[in-house]
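**Student:** One letter stands for each residue in the lines below.
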Amino acid sequence: MPTDEPEASTGGGTTDEASGKARDLPLDEFQPYGTLAVTGAYFVLLLVLYALLYFVEFATHAPHIIE
Amino acid sequence: MTFVDHYPKAARIVKANLIVAFVALGIGGFFGLIQALHRTDVFRGFVSSVQYYDVLTGHGVLLGLVFTTFFITGLYQWGVTRTLEREPESSAFSWTWFWMMVGGTTMTATAILGGLVPGSGMSAAVLYTFYPPLQAHPLFYIGAALLIVGSWLAGADWFWTYRKWRADNPDARIPLQTYMVIFTWLMWYLCSLGVALEVVVLLIPWSLGVVEKIDPLLPRTLFWYFGHAVVYFWLLPAYFVWYTILPKLSGGRLFSDPLARIVFIFFLLLSTPIGYHHQYADPGITLVYKMWALIMTLVILLPSLMTAFTVISSMEHGARQRGGSGYFAWMGALPWGQPAFVGCALAGIMFAAGGFSGMINASLNIDMLVHNTAWIPGHFHLTVGTAVALTFMAITYWLLPQLTGKALKFKNLALAQPYTWFIGMTLMSNALHRQGLAGVPRRVAEPQYAGIDYEVPFGTMAEMDWQVAIGGTILFVSMVLFLVVIGGTWWKGAPATDVDDVIPPALSGPEHSPKILDNLTLWMGVAVVLVLIAYSLPLAEMVMDGLFSPGAFPAPM
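Chains as they are written, first to last, in our numbering: chain A, 1 to 67; chain B, 1 to 557.
None of these hints come from the bench; they were simulated from the model. Just so you know, not all the hints are guaranteed correct.
Okay, derived cross-link-like pairs now, BS3-like style, lysine-lysine, Cα gap no bigger than 30 angstroms in a straight line [to be verified]:
hint, chain 1, residue 1, chain 2, residue 2
1, B, Lys409, A, Lys21
2, B, Lys406, B, Lys492
3, B, Lys411, B, Lys9
4, B, Lys492, B, Lys411
5, B, Lys406, B, Lys9
6, B, Lys411, A, Lys21
7, B, Lys9, B, Lys164
8, B, Lys406, A, Lys21
9, B, Lys15, B, Lys406
Make a model of the complete structure from these sequences and hints.
**Tutor:** The structure is reproduced here in structure tokens:
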């Protein structure tokens, strides 16, 4: 029965033809720039949407002392 | 040789749990279609506007509590068995908790469906949150209690297996999947205690007429003590899938096992003490505790952002192994033609959107803009309704051959299913969010009022109603596609010759982390302390307000 191997590996992983794998990418060679780009873009989107909700939807509809 | 061949006893238990989950999904999903058509006034022929609330309760309970709980117990039984490599210690005990949960579900469902049968004398139109003074037939509460106690016994079953495994492996690190099961269930024990107390001590005696009046605030508070953590009870099994299986489906490996462990510790610690953020509009709870809940809620965004990093980097690892490159172009190299991967990936994208609306809900001031509006169901249909439900459906495509020894049938339908769910939810959820901003209330059969024109921020009310109705219909069709694929595979699937069930090890394994991460007593202790800080004083105040002298119960109305 295949199970998780407890030890880490910096070498190749399990060969799985169904995965369409073209090469083995060990930990030392893997630089997740794409993850940085995607999570960074998401973070910017969160900030923009939050500002939109706060200043446009919330603040403009909230009760004001000075109308 | 796959799971069903190695562990036939466990496989039977897993399959039984999944069957109940999918029956609940079918009924609850149909109720969802009725609601989408009814409240938008597209078609009101299924039920009356009074019965709408029975349907709404059925939708919430059957999907939010029954579908999720049974799927999770099935999934976790699979995870514990395969990673500890042990059959359940006692089949009789395993079937006991299963049938207790089934019995409880049957009682609760009977009480709910009784509301749709004239003259049945039963009703449970108390919505998913069953706040007093809304009162259900006692069967509803007794059944809910049995479902929860059954789930506690399921956890005891897995701890039993874990202890046996630990005796044989005194120095080994807990395998990641079992680690996730244990931490989910520690959190579940801690949080479900609140709803168990609410139901057994307050609501059952009240529904039986033993006590006549009930304090509305205490049951609400006990419900939300459980009610936000239950969100993570749904979500952590989806994380279990995203961390341990999705990297493999992407063609890669989990980026970091230690990060996954830290994330689950965070959720054990922080899930329960933040329930007040569902009670921002409740009088009787001081602002101090609401602010505390706000801060803790923003802190709990951290493990979800850590999850985003780990899961996306694991997918990127897979994409690069498949030949992907660039900052964004690597995503094109992912296996967008494989249903299990597609479902999990689209669920993750929807969860990112739900993260934004969740931040709005969590903000004490901005929440007042959307509190109890259609924004809220818009939000949780992205989280539990897609991040969780779509992940569960998608991973079933990968699990079922392991559980039945049969190859997945109707693969094209299976591939179409997550895409249709994504389209349907995009239509329905964006419209619900925008309706919420316009002030359209949630949980209302006919939110059209004479003389009231909603101020729509952008778009039109008619356009949004049609998006809800069409989106809800597409979601229903998607759910039917899922059930057809699962039913077809189960009963007509050809024997599988080469079942894909290998999960490669993490790039960075558990030996890269300190053993203290596996110290269950320590983390449970810290979690209890945080709960005591958040809840002891307010609950004591509410209890002293009259719990033990029924004549002094504040009247509900």
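**Student:** Next, verify each hint and record whether it holds.
**Tutor:** Now for the hints, and whether the structure bears them out:
1. Among the hinted pairs, Lys409(B) with Lys21(A) is consistent with the structure: their alpha-carbon atoms are about 25 angstroms apart, no more than 30 angstroms.
2. For the suggested pair Lys406(B) and Lys492(B), the alpha carbons sit about 9 angstroms apart, so the restraint of at most 30 angstroms is met.
3. Between Lys411(B) and Lys9(B) the CA atoms are separated by roughly 28 angstroms; this keeps the pair inside 30 angstroms, and the hint holds.
4. At roughly 13 angstroms between alpha-carbon atoms, Lys492(B) and Lys411(B) fall within 30 angstroms of each other, so this suggested pair holds.
5. Restraint check: the Cα-Cα separation between Lys406(B) and Lys9(B) comes to about 17 angstroms, which is no more than 30 angstroms; the hinted pair holds.
6. A hinted pair counts as satisfied when its Cα atoms are at most 30 angstroms apart, and Lys411(B) with Lys21(A) qualifies at roughly 21 angstroms.
7. Among the hinted pairs, Lys9(B) with Lys164(B) is consistent with the structure: their alpha-carbon atoms are about 17 angstroms apart, no more than 30 angstroms.
8. Pair hint Lys406(B) plus Lys21(A) holds up; C-alpha atoms about 25 angstroms apart against a cutoff of 30 angstroms.
9. Note on Lys15(B) and Lys406(B): the hinted pairing holds, with a Cα-Cα distance of about 13 angstroms set against a maximum of 30 angstroms.
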